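Which chain is which? The protein sequence lines are Z and L, in order.
So the first sequence is numbered by the numbering used here: it starts at 461 and just counts up by one.
So the second sequence is numbered by the numbering used here: it starts at 461 and just counts up by one.
It is possible that part of the hints are untrue.
A pair holds if it fits inside one copy or across any two, identical chains being indistinguishable in the list.
[As the list claims (entries may be wrong)] For lysine to aspartate or glutamate, the following EDC-like pairs were computed, each having C-alpha atoms within a straight-line distance of at most 16 Å: (1) K551 - D599; (2) K485 - D474; (3) K478 - D500; (4) K551 - D583; (5) K485 - E549; (6) K485 - D529; (7) K478 - D466.
The set of hints was computed from the structure by calculation and includes no laboratory data.
For clarity, every value in this text was computed on a predicted model and none was experimentally measured.
Listed below are the residues making up each chain.
Protein chains: 2
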Amino acid sequence: MASLYDGSIQRVIDDFSKLPGIGPKGAQRIAFHLLSAAHDDVQALAQDILDMRERVRFCSICGNVCEADICPICADPRRDHTTICVVQEPKDVMSIERTHEYRGVYHVLGGAINPMANVSPQDLNIASLVRRMQNAENDDNADSISEVILALNPDIEGEATTTYLSRLLAPVGITITRLASGLPVGGDLEYADEITLGRALSGRREV
Amino acid sequence: MASLYDGSIQRVIDDFSKLPGIGPKGAQRIAFHLLSAAHDDVQALAQDILDMRERVRFCSICGNVCEADICPICADPRRDHTTICVVQEPKDVMSIERTHEYRGVYHVLGGAINPMANVSPQDLNIASLVRRMQNAENDDNADSISEVILALNPDIEGEATTTYLSRLLAPVGITITRLASGLPVGGDLEYADEITLGRALSGRREV
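Just chain Z, with the same shape it has in the complex:
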């Protein structure tokens, strides 16, 4: 779209167009919404964005986003610190927390191995995961780790990272598991792709 608006409106439209999932039409709609919204709400939006950048850091144990040195999950003594669930992104932690099925702790890699995008194992929080496991083994006061769950995305990058990590961690000698592949609940057998259906078949369980 040609930039025909007076300076400051166009700058806001351009800024919002750069955000993921917002196109030029959506950015224009948001700009006019902000022009007519309550002044306090607009002030709060700008301030909250700056606050977030100011306050948010990464947990020194698991690499999740938080506002303290250690995230609320790592700091929680009621969690099971002997089980570590390895995920790609902080939002994956939230997805697993929402299931209410998991009481262990996490390790956030910050991505997956992707040679096409120049993401190698050195760019991920893998060294800190290995260090965490070594500390657990050597320090008598620390909880020993009994299981590492690899909960990466079921796509090419996630699979590559799962393979890499399972080989890397195998010598440590603890249980390494991965999420089950299979039919999504509520799905239809007819519309499942061959790979998913194959995985569901090979991973069948006794009822």
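Once you've looked at the hints, dock chain L against the given chain Z.
Using the frame of chain Z, we list chain L on its own:
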């Protein structure tokens, strides 16, 4: 979605969820994008939002958004000040400008008559439109107005506003026109709804 993030991230997600066209998942994606984006870009976004609210006002002639007392279009002597195109929103001005077919000036109503949403003619910039036409008639130095084009949305509210304005302005005795209804260019006769096709038929032109 449950709010599980530490304070400042969740506040940004909540703020963005309130914007038009952004859901909770999209807001979460934007929050994490802003966490990993360049610091200057994030600072610029927050500052641009505040700047826009600070600077943008309404043109004292046409009601369009601008940063001066009079908008660039009203201030431009090369525009045809004898033709006024009446639109609902500032973004409609941009839509018409992009056609490069119109050289007149505008009048922005700020909405359309909508009894369901409690928008009555008093809530719109209609008094200023009438005053503008009276000034043009009485003041010998001002350009007289030769045509008013009603370019409102072809929906119920737009039609109601078009009818209201055409009755209100009829006594002034100048030409009042409205945008043509008909088939969209590139459309298919088969998929046109009956009302649109009926309008296209009744508004047929000699080739």
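Which numbered hints fail: When the structure is compared with the hints, numbers 1, 4, 6, 7 turn out to be violated.
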